[in-house]
Amino acid sequence: MKKAILKKSLGLAVTLASTQLFASGFALNEQSISSMGTGFAGRSSSADDASTVFGNPAGMSRLKREQVTVGGAAVIARSDIEGTGTFGGTSNGDMVPVVGVPMGYYVKPIDEHWAFGLGMYVPFGLLTDYENSFAGRYFGSKSEVRVITLQPTVSYAFNDKVSIGFGPTINRIDGTLESATVNRASPGTNDGRVKISGDDTAVGYNIGILVQATDRTRLGLTYHSMVDYKLKGDTEINGTGFGPFSGSKYDASLKIKTPESVDFSLTHELDDNWTLYAGSTWTRWSRLEAITANNEGVPAPLAPSLGQISEEQNWHDTWAYAIGAAYKVNKEWTLRAGFTVDQSPTNNVNRSPRIPTGDRRVFSLGAGWSPSDDMTIDVAYSYLMEEDTTVNQSSLDPAHFKGTYNAKYENSAHGVGASLTYRF
-7 MKKAILKKSL GLAVTLASTQ LFASGFALNE QSISSMGTGF AGRSSSADDA
43 STVFGNPAGM SRLKREQVTV GGAAVIARSD IEGTGTFGGT SNGDMVPVVG
93 VPMGYYVKPI DEHWAFGLGM YVPFGLLTDY ENSFAGRYFG SKSEVRVITL
143 QPTVSYAFND KVSIGFGPTI NRIDGTLESA TVNRASPGTN DGRVKISGDD
193 TAVGYNIGIL VQATDRTRLG LTYHSMVDYK LKGDTEINGT GFGPFSGSKY
243 DASLKIKTPE SVDFSLTHEL DDNWTLYAGS TWTRWSRLEA ITANNEGVPA
293 PLAPSLGQIS EEQNWHDTWA YAIGAAYKVN KEWTLRAGFT VDQSPTNNVN
343 RSPRIPTGDR RVFSLGAGWS PSDDMTIDVA YSYLMEEDTT VNQSSLDPAH
393 FKGTYNAKYE NSAHGVGASL TYRF
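At position 42 of the sequence shown (counting the first as 1) the number is 34 in the numbering used here, and the numbers step up by one without a gap.
Any given hint could turn out to be false.
[What the hints assert, rightly or not] Below, in silico cross-link-like pairs of lysine-lysine (DSBU-like), each with a Cα-Cα straight-line distance of 30 Å or less:
#, residue 1, residue 2
1, Lys247, Lys224
2, Lys247, Lys187
3, Lys241, Lys222
4, Lys153, Lys100
5, Lys56, Lys153
6, Lys249, Lys222
7, Lys187, Lys224
8, Lys56, Lys100
9, Lys224, Lys241
By construction, these hints were calculated from the structure, which means they are not laboratory data.
Generate the whole structure from the sequences, applying the supplied hints.
Spelled out as structure tokens, the structure:
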């Protein structure tokens, strides 16, 4: 029984490697509302406002006035589930509450070459919360993870054609995982509960280059580094099925790497009114081959089997592609649209109810309103359609028996966002 409990500490790491928002794996895209309107096409080549601190730090060289951009996005997701588990249960489908993604940026030009910026944003996150009677509750009932990043940044313009930018990232990750355990005395009733929590702070970096290839065409390339976390926390168990161990806590530690990514994009001003965007992003999800959890405080007779536990994940690298366009109606209004396709890193063997996602298509609309030269308000809307996916989980080993869970998921989501840019 204890082996089953401590093995669930792996679940926190798996949770940190999953999400249900507008990017593959557990990455979030919502760091810029102006980019959201074009489906994030042109993210590393546009530099429309201070959010370029994330999109491409070299883009700060294009901002000739001190400015601040603040905003946020909300995601409203829906899942239709057809699933069955060994011990029965429900499949209500509303597993994702409405979640918010905040952002804030500041950029100050120093001279004709140098600029300084500061950004705070959420690059990774997850929130899934199933009903207590969920049929797959033994494989995951609730997961909540968030990464908050602070990024001080500098850029340098060699001339009016080429600029570079660099910023270290200070990243705080925290997560909580809950799942049910089978009560051996009365399977399917009086479930036990396991709650795992952990956190860490680690450093990475972003670097970018921006090239004004022609008078109307810009090319951008941004590299977001891998970040290596070493989480520490505890595993808490409760329930009558645990007998004298109910209410116990065990120290847990595990390692997880958020993957590096490369974003390349193009911005082309077709004429004074129309601007076209295209981009692609590669993410190295293949770093997530296996998760290893180390548990302390385990009684000596159990330590050999419970001190370290590993579980394969076998994720693969992904590509995302986006195209978009913006139309400048007049001095005050700009309209935007975009389309994105995004691969999922998961596979049919390891996919779990914590990460029931597949390849995605996203349609986006947006608008920018500038009532004066000092202020711009951007709004955006996105609709995500995801291919139907299946989850087929089985754990029949008597040492950590959870039965089986087989389901089909149909996922979709709406995203809305707004931001304010003010120039001093």
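Practice prompt. Could you grab the alpha-carbon distance between lysine 187 and lysine 224 and see if it respects the 30 Å cut-off?
Written response: The given pair, whose Cα atoms are some 14 Å apart, holds under the 30 Å limit.
Worksheet item: Between lysine 249 and lysine 222, does the CA-CA distance stay at or below 30 Å?
Response: Distance of about 9 Å is within 30 Å: holds.
Worksheet item: Between lysine 247 and lysine 224, is the straight-line Cα distance small enough, at 30 Å or below?
Response: holds (9 Å)
Worksheet item: Keeping to a limit of 30 Å between CA atoms, is the pair of lysine 56 and lysine 153 held or broken?
Response: The given pair, whose Cα atoms are some 15 Å apart, holds under the 30 Å limit.
Item to complete: Mind checking the alpha carbons of lysine 153 and lysine 100 for me, to see if they're no more than 30 Å apart?
Response: holds (20 Å)
Discussion item. Check the hint pairing lysine 224 with lysine 241 against an upper bound of 30 Å on the C-alpha distance.
Written reply: holds (13 Å)
Worksheet entry | 30 Å Cα cutoff - pair lysine 56, lysine 100 | holds (8 Å)
Discussion item. So if I understand the rule, the pair passes when the alpha-carbon distance is 30 Å or less; does lysine 241 with lysine 222 pass?
Written reply: holds (19 Å)
Worksheet item: Given the hinted pair lysine 247 and lysine 187, is their alpha-carbon gap at most 30 Å?
Response: holds (18 Å)
Checked against the numbered hints listed earlier, the structure breaks none of them; every hint is satisfied.
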